[in-house]
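J.: If you want the building blocks of each chain, they are given just below.
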Amino acid sequence: MDFSIRAANVEDCKDIARMITELAEYEKVTDQVKITQRDLEQDGFSKNPFFHGIIAEVPEQHKSKEGDGKNTDSNRNKTTVASDKKWLYLCFLGKGIGKALMSKVAQVIGSGRGCHQLNFTVLDWNKSSVDFYLHQGCTDVTTDMGYHYMSCKGEAMEHLAQP
Amino acid sequence: MDFKIRPARKEDCKDVSRMIMELAVFENMPDQVKISHEELERDGFCQNPFFECLIAEVPEEHKSKDGFTVVGYALYFYTYSTWKGRSVYLEDLYVMPEFRGNGIGKGLLSKVAEVGKEKQCVRLNLSVLDWNTSAREFYAAKGAQNLTESEGWHSIRFDKLNMENLAKEAPKD
Numbered sequence: 001m002d003f004s005i006r007a008a009n010v011e012d013c014k015d016i017a018r019m020i021t022e023l024a025e026y027e028k029v030t031d032q033v034k035i036t037q038r039d040l041e042q043d044g045f046s047k048n049p050f051f052h053g054i055i056a057e058v059p060e061q062h063k064s065k066e067g068d069g070k071n072t073d074s075n076r077n078k079t080t081v082a083s084d085k086k087w088l089y090l091c092f093l094g095k096g097i098g099k100a101l102m103s104k105v106a107q108v109i110g111s112g113r114g115c116h117q118l119n120f121t122v123l124d125w126n127k128s129s130v131d132f133y134l135h136q137g138c139t140d141v142t143t144d145m146g147y148h149y150m151s152c153k154g155e156a157m158e159h160l161a162q163p
Numbered sequence: 001m002d003f004k005i006r007p008a009r010k011e012d013c014k015d016v017s018r019m020i021m022e023l024a025v026f027e028n029m030p031d032q033v034k035i036s037h038e039e040l041e042r043d044g045f046c047q048n049p050f051f052e053c054l055i056a057e058v059p060e061e062h063k064s065k066d067g068f069t070v071v072g073y074a075l076y077f078y079t080y081s082t083w084k085g086r087s088v089y090l091e092d093l094y095v096m097p098e099f100r101g102n103g104i105g106k107g108l109l110s111k112v113a114e115v116g117k118e119k120q121c122v123r124l125n126l127s128v129l130d131w132n133t134s135a136r137e138f139y140a141a142k143g144a145q146n147l148t149e150s151e152g153w154h155s156i157r158f159d160k161l162n163m164e165n166l167a168k169e170a171p172k173d
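So the sequence lines, in the order shown, correspond to chains D and X. First residue of the first sequence: 1, per our numbering; consecutive thereafter. First residue of the second sequence: 1, per our numbering; consecutive thereafter.
The following block holds chain D by itself, in its conformation from the complex:
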């Protein structure tokens, strides 16, 4: 299947927001998604963006049944780039699009920005994702080295930020 990979622009935020929600549905955590299209526009396309995005696009004749040919990978951060959200419609799986998105991220941050590591997180039950990433040559540093991922959020973070 013919597809192209390109940098996301601000007009893509509507599609990105849609696909973030779809991915959250797959991960069974729809109620956790708090950001909107507007947040993505402000945070990804301002003077000092919080993230960068790469889009996979198919030609009009291959568009999804919902009528939109876009699917999205979001990568973020400038140092070690975290890229844990990749979502492809079922009909677009197996076409090399996921691999192409990952490769583009590696290229953009590697030769493009001089980064030496690509880090992200994946849910342990998400076997197809885990297998995909391991097949691309990455290491599970939680299993192999014992790193645990911790997060301070909501009230805990508010409390911590008190002087």
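Bear in mind the hints are in silico, worked out from the structure with no lab data behind them. All residues carry an ideal CB built from backbone N, CA and C; glycine is no exception. Be aware that a few hints might be false.
Stretch by stretch, here's where chain X covers chain D in the computed footprint (C-beta under 8 Å, at least three residues) [said to hold, decoys possible]:
no.	region
1	26 to 35
2	45 to 57
3	93 to 106
4	118 to 124
5	129 to 142
6	145 to 157
Keeping only pairs whose Cα atoms sit at most 25 Å apart, straight-line, the calculated DSS-like set for lysine-lysine is [claimed, not checked]:
no.	chain 1	residue 1	chain 2	residue 2
7	D	LYS47	X	LYS117
8	D	LYS153	X	LYS106
9	D	LYS34	X	LYS119
10	X	LYS34	X	LYS10
11	X	LYS34	D	LYS153
12	D	LYS153	X	LYS117
Since the structure of chain D is provided, determine the placement of chain X on it from the hints.
T.: Frame of chain D; chain X shown alone:
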């Protein structure tokens, strides 16, 4: 003990580099440290810095046995959650052993959270080694949740070589 938390300056990179190595030795991985103060100066103090850093400093009369007044640091950068939005990732938090127990670690952590809040960040994330009980307890006491244990999140990494291999297969523009 009297101490001050302040943003790092370029001149602090030698001290930060020293303490990065001390932390790596503690974590039994000193051979993994590939950068020096020069990379820190380049990457932390350019136009689009890759990280920000806070320093803990003590007055001259309390300097360490080796003569250092810069006794702790917190190095962090901004990330993004597609669920929650702006986040901050704490890469390193370290206080020299002879200065622990004085609230310096808490001071650094709180300041990172405060800086993150000013930038409207809603999460503060970090990684900790499973055997590092004192660190795990320190963060848990401050309200951090262990998402590996509670939700099954695993940290995945591509190292430099695998990243380069992957990049070779990127589609041409």
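J.: Hints first: check each against the structure and report whether it holds.
T.: For each hint, the structure was consulted:
Evaluation of the coverage hint for the region 26 to 35 of chain D: fulfilled, as 5 residues show C-beta separations to chain X shorter than 8 Å, against a requirement of three. Beta-carbon proximity to chain X at under 8 Å applies to 3 residues in the region 45 to 57 of chain D; the threshold of 3 is reached and the given coverage holds. Note: the region 93 to 106 of chain D has 6 residues with beta-carbon separation from chain X under 8 Å; the three-residue rule is met and the coverage holds. For the region 118 to 124 of chain D, the proposed coverage by chain X is satisfied: 7 residues have a C-beta within less than 8 Å of a C-beta in that chain, meeting the threshold of three.
Closer than 8 Å: that is the beta-carbon criterion, and the region 129 to 142 of chain D has 9 residues meeting it against chain X, so the requirement of 3 holds. Proximity of the region 145 to 157 of chain D to chain X, defined as three or more residues with a beta carbon under 8 Å from a beta carbon of that chain, is established by the 13 residues found. Between the alpha carbons of LYS47 of chain D and LYS117 of chain X the distance comes to roughly 19 Å, so the proposed pair stays at or under 25 Å and holds. Distance restraint check for LYS153 of chain D and LYS106 of chain X: the Cα-Cα separation of roughly 16 Å lies within the 25 Å cut-off, and the hinted pair is therefore satisfied.
Taken as a hint, the LYS34 of chain D and LYS119 of chain X pair is honoured in the structure, with Cα atoms around 17 Å apart against an allowance of 25 Å. With a CA separation close to 19 Å, the supplied pair LYS34 of chain X and LYS10 of chain X stays within the 25 Å bound. Pair hint LYS34 of chain X plus LYS153 of chain D does not hold up; C-alpha atoms about 32 Å apart against a cutoff of 25 Å. With a C-alpha separation of about 11 Å, the suggested pairing of LYS153 of chain D with LYS117 of chain X holds against the 25 Å cut-off.
In this structure, only the earlier hint numbered 11 is contradicted, and the remaining ones agree with it.
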